[in-house]
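Spelled out, the chains give:
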Amino acid sequence: NAGVMQNPRHLVRRRGQEARLRCSPMKGHSHVYWYRQLPEEGLKFMVYLQKENIIDESGMPKERFSAEFPKEGPSILRIQQVVRGDSAAYFCASSPWTGDIHTEAFFGQGTRLTVV
Amino acid sequence: GDSVTQMEGPVTLSEEAFLTINCTYTATGYPSLFWYVQYPGEGLQLLLKATKADDKGSNKGFEATYRKETTSFHLEKGSVQVSDSAVYFCALSSNAGKSTFGDGTTLTVKP
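Chains as they are written, first to last, in the numbering used here: chain A, 1 to 116; chain B, 1 to 111.
A few of these clues could be false.
[As the list claims (entries may be wrong)] DSS-like mimics (lysine-lysine), calculated; alpha carbons at most 25 Å apart, straight line: (1) K27(A) with K62(A); (2) K77(B) with K110(B); (3) K44(A) with K52(B); (4) K27(A) with K68(B); (5) K49(B) with K60(B); (6) K60(B) with K77(B); (7) K44(A) with K68(B); (8) K51(A) with K71(A); (9) K68(B) with K52(B); (10) K49(B) with K77(B); (11) K27(A) with K51(A); (12) K44(A) with K49(B).
Since the hints were made in silico from the structure, they are not lab data.
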């Protein structure tokens, strides 16, 4: 059973370009979470999605950032018109639905975005 | 809202020394508590977890006990190795999968 797969592992974008980060959850997992880690800091929650639904986007910047988790295919975190401050590691995690708040989420290896 | 406060680093120890990394939290309800480890350039690996008060999580010689009365989840290891050098994150989850993380503590173990 493959783990959470994120790609690309490293992404370089020029200011003003768009960045698309992909996350394929573990098999059987229907919940996806995106986190951002700025240099020398901890992870900050961005958004929580289920298939075709955004459940909690309280950590998403109001502009330029969007996320989706379609019925088929990976979850996508999209950053439009990137700026240098978007340079960070973006981590995806997934979990199954068990009805238990203590269900563990599993993390991917992350995508390191560098804006030049 | 939920928050996690970790002991500031960096922490430098000699091999075979005793390790403690302090972690305290603020949360509504009864969260699960976690310690994650991150090696350079890598993602997060779950080190151990505890889901209710007085539970002790343990793995690879590391231990942490869920203390509700002091809202703490301190990480300990009796004898560290060079290979334990990494960044350690304390985290809590009040809603499956949505976690709040501390800022991380960098541990360097010297031979």
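Status of the hints after comparison with the structure:
1. With a C-alpha separation of about 31 Å, the suggested pair K27(A) and K62(A) falls outside the 25 Å cut-off, and the hint is violated.
2. Of the pairs offered as hints, the one joining K77(B) and K110(B) holds, with about 15 Å between alpha carbons and a cut-off of 25 Å not exceeded.
3. The hinted pair formed by K44(A) and K52(B) meets the criterion: a straight-line CA distance of about 24 Å does not exceed 25 Å.
4. For the suggested pair K27(A) and K68(B), the alpha carbons sit about 34 Å apart, so the restraint of at most 25 Å is broken.
5. Between K49(B) and K60(B) the alpha-carbon distance is near 13 Å, which keeps this suggested pair within the 25 Å criterion.
6. For a cut-off of 25 Å, the pair hint linking K60(B) to K77(B) stands: about 9 Å separates their Cα positions.
7. For the given pair, K44(A) sits about 24 Å from K68(B) by alpha-carbon distance, which is consistent with the 25 Å threshold.
8. Simply put, K51(A) and K71(A) have alpha-carbon atoms about 6 Å apart, close enough for the 25 Å limit, and the pair holds.
9. Simply put, K68(B) and K52(B) have alpha-carbon atoms about 8 Å apart, close enough for the 25 Å limit, and the pair holds.
10. As the CA atoms of K49(B) and K77(B) are separated by approximately 15 Å, the hinted pair is consistent with the 25 Å bound.
11. Using a Cα cut-off of 25 Å, the hinted pair K27(A) and K51(A) holds, with the two alpha carbons roughly 13 Å apart.
12. As the CA atoms of K44(A) and K49(B) are separated by approximately 19 Å, the hinted pair is consistent with the 25 Å bound.
Against the hints set out earlier in the document, violations occur for numbers 1, 4.
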